[in-house]
Amino acid sequence: MNIRQLFSHLLVNRKARLGLCIVGFFVLVSLAGQWFVPDPTDFVAMPHQPPSAEHWLGTTGQGQDVLAQTVAGTRTTLMVGFAAGFLVVLIGAVIGGVAGYLGGRTDDLLSLLINVFMIMPGLPLMVVLAAWLPPGPLTILAVLVLTGWAWNARVLRAQTLSLSQRDFVLAAKVSGESPLRIVSAEILPNMLSLMTSSFIGATIYAIGAQVGLEFLGLGDISKVTWGTNLYWASNDSALLLGSWWTFVPTGFCIALLGFGLTLVNFGVDEIANPRLATESLWVRKLKKHATVDGSTPVVKGGVA
Amino acid sequence: MNRSIEYLLRRLGFYTLAAWIAVTLNFLIPRLMPGDPAQIMFARFKGEMSPESIGALRETFGISDAPLWGQYFTYLKHLLRGDMGISVSNFPEPVINVIASGLLWSIFLAGSALVISFFIGTSLGALAAWRRGGFLDSVTPPLLALLGAFPYFWMAMLTLFVFGFGLGWFPLWHAYPEGTSPGFNLPFLFGALYHATLPAATMVIASLGGWMLAMRNTMVGILGSDYITYARARGLPPRQVLIRYAARNALLPNITGFGMALGFVLGGALLTEIIFSYPGQGYLLLQAVRAQDYPLMQGLFLTITLAVLGANWLVDIATLILDPRTRR
Numbered sequence: 001m002n003i004r005q006l007f008s009h010l011l012v013n014r015k016a017r018l019g020l021c022i023v024g025f026f027v028l029v030s031l032a033g034q035w036f037v038p039d040p041t042d043f044v045a046m047p048h049q050p051p052s053a054e055h056w057l058g059t060t061g062q063g064q065d066v067l068a069q070t071v072a073g074t075r076t077t078l079m080v081g082f083a084a085g086f087l088v089v090l091i092g093a094v095i096g097g098v099a100g101y102l103g104g105r106t107d108d109l110l111s112l113l114i115n116v117f118m119i120m121p122g123l124p125l126m127v128v129l130a131a132w133l134p135p136g137p138l139t140i141l142a143v144l145v146l147t148g149w150a151w152n153a154r155v156l157r158a159q160t161l162s163l164s165q166r167d168f169v170l171a172a173k174v175s176g177e178s179p180l181r182i183v184s185a186e187i188l189p190n191m192l193s194l195m196t197s198s199f200i201g202a203t204i205y206a207i208g209a210q211v212g213l214e215f216l217g218l219g220d221i222s223k224v225t226w227g228t229n230l231y232w233a234s235n236d237s238a239l240l241l242g243s244w245w246t247f248v249p250t251g252f253c254i255a256l257l258g259f260g261l262t263l264v265n266f267g268v269d270e271i272a273n274p275r276l277a278t279e280s281l282w283v284r285k286l287k288k289h290a291t292v293d294g295s296t297p298v299v300k301g302g303v304a
Numbered sequence: 305m306n307r308s309i310e311y312l313l314r315r316l317g318f319y320t321l322a323a324w325i326a327v328t329l330n331f332l333i334p335r336l337m338p339g340d341p342a343q344i345m346f347a348r349f350k351g352e353m354s355p356e357s358i359g360a361l362r363e364t365f366g367i368s369d370a371p372l373w374g375q376y377f378t379y380l381k382h383l384l385r386g387d388m389g390i391s392v393s394n395f396p397e398p399v400i401n402v403i404a405s406g407l408l409w410s411i412f413l414a415g416s417a418l419v420i421s422f423f424i425g426t427s428l429g430a431l432a433a434w435r436r437g438g439f440l441d442s443v444t445p446p447l448l449a450l451l452g453a454f455p456y457f458w459m460a461m462l463t464l465f466v467f468g469f470g471l472g473w474f475p476l477w478h479a480y481p482e483g484t485s486p487g488f489n490l491p492f493l494f495g496a497l498y499h500a501t502l503p504a505a506t507m508v509i510a511s512l513g514g515w516m517l518a519m520r521n522t523m524v525g526i527l528g529s530d531y532i533t534y535a536r537a538r539g540l541p542p543r544q545v546l547i548r549y550a551a552r553n554a555l556l557p558n559i560t561g562f563g564m565a566l567g568f569v570l571g572g573a574l575l576t577e578i579i580f581s582y583p584g585q586g587y588l589l590l591q592a593v594r595a596q597d598y599p600l601m602q603g604l605f606l607t608i609t610l611a612v613l614g615a616n617w618l619v620d621i622a623t624l625i626l627d628p629r630t631r632r
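Chains as they are written, first to last, in this note's numbering: chain A, 1 to 304; chain S, 305 to 632.
Hint data in this document are derived by calculation from the structure and do not stem from the laboratory.
Warning: the hint list may mix true and false statements.
Stated by the list, open to error - One side of the interface only, derived from the structure: several residues of chain A facing chain S at Cβ under 8 Å:
(1) Ile119
(2) Gly136
(3) Leu138
(4) Gly251
As the list claims (entries may be wrong) - So these bits of chain S aren't anywhere near chain A, every CB distance computed over 12 Å:
(5) Ile309
(6) Pro398
(7) Thr607
We put the CB at the ideal spot given by N, CA and C, even for glycine.
All chains should be built: construct the whole structure from the sequences, respecting the hints.
And the structure:
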């Protein structure tokens, strides 16, 4: 299965289509949103104003427009999130792939490294790294990748290990194919759906962690991102002054985006594992014909 | 028995290696960063301190012009004596004392949240598997997935806003009421419990789903095995089959998860403490970040990592005792 096929399958799947719509909406907002809202850093009104006709989501503690800040924050947040998701999977695939394919000493050593990075508590390490590096989106990206690659490396290593024992890979080995070709033509295409769902999972994680780090004040607080919006909300004591509108919209955006990405992931899972989709079809059919005594119900005509 | 000791020693070796890597990272991070660590660290003192006192500070923080190896051994030697340097923001208090001041609060908050969440989560998971497709099984997973989509610290903020600020049911900050003195007296103990309720509740809700799902999945597997069918066929009371036959065995993999969860819980607890201004490790971490107190930050990283590693080893021992199969 190549990427184009995967994508066309995704468009057919109902859950994935809704998910793609949500994610697509945020991508669109991040690209074009800034033309429709005022400059997010302008002081446009009195601070801590509740939502009104003029400022739909109210104003921040500095008197900036919350809607404009939320829209403008989408771009950096999404870019860092997707980039971190991509890099995490790339590094995970290289390290996990090498460990799983080569096996032996190399595998032992790389597995040890993976396990050490998995057991280290991520947040304190992220904080220490982000505090020493100069603040900015690139720092956040580097920190996320450095602390997040191990989980994916572990998953992809296990998959490579199991694939490299399959008959078709053994056949390719026996027929004298080069390792590079075996990995790129035999193993990688079979891992595409796993890597896609790893990428989506890593992106969700990266967005959450990024917002968390920036909320702590470890980002560049002069830039407008979802995380720094929350930082300023808490810094301007939004909680004590009751201005819920300064932090609620950002949280909903993060949750909606995460929800959309999760839906796409469900779709990817169903494509990679067609039994999941048919199973849910069966369950739906059987529920209608449920029996009281726990005997096996029979559906006339089966499941199409 | 010999094999289990060998296993424990091997795990201990792994944790020692992980600890050494953490210690070394802690040493290398400031020294590999662009710029002079001393200058970054003391930037906030610029103009307030004479060059001599900054020189003395450099000495105190173990940054010297000696070769890296020499610095590394000095650092290790200090660490073994429990000396993690001096906190910049609480000058001249040693980092270790600052950390110790918040340690008990963190363990109290994160520990009780973890235990409560584990207990409720595994019970719910067992029940969900027992009545597969029932109300609990079909309603809770999507609900928890939806809750999980919100960033954890944001949920905590909202909870504090609604229950602390809006309704005024819970205190907004700190770990015990003003006017009580820490010790064994009732106003303090009740006050501490009251103050911990809301933060602990957010942590429980955030981590409940994981335990529930894990327990449900193992339970489903175990409920399909022959000895459960046999126990049912013998006509044992369902409650007995559920608790003594199925749940007891399904608990084992979850206990292994307990160790892994510890790292996440401690990480999550950091954010909880920050939101609720709870005077534990997380609150200290935030103060360290805000005041650019690098020694304190690094000390916290090291303490938390070592705590997680140690707890994982204890979980290894517990698994060994609880699961007779690993002892063979």
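The hints, checked one at a time:
Taking 8 Å as the C-beta contact cut-off toward chain S, the hint placing Ile119/A at the interface holds, the least distance being around 6 Å. Hint status for Gly136/A: violated, given a least beta-carbon distance of 13 Å to chain S, over 8 Å. Taken as an interface hint, Leu138/A does not check out: its beta carbon lies about 12 Å from the nearest beta carbon of chain S, beyond 8 Å. For Gly251/A, the shortest C-beta to C-beta distance to chain S is roughly 4 Å, which falls under 8 Å, so the interface hint holds.
Every Cβ of chain A is farther than 12 Å from the Cβ of Ile309/S; the closest lies at roughly 21 Å, confirming the non-interface assignment. At the 12 Å boundary, the C-beta of Pro398/S stays outside the reach of chain A, the nearest C-beta of that chain being 19 Å off. Here Thr607/S does not stay apart from chain A, with its beta-carbon only about 9 Å from theirs, under the 12 Å limit.
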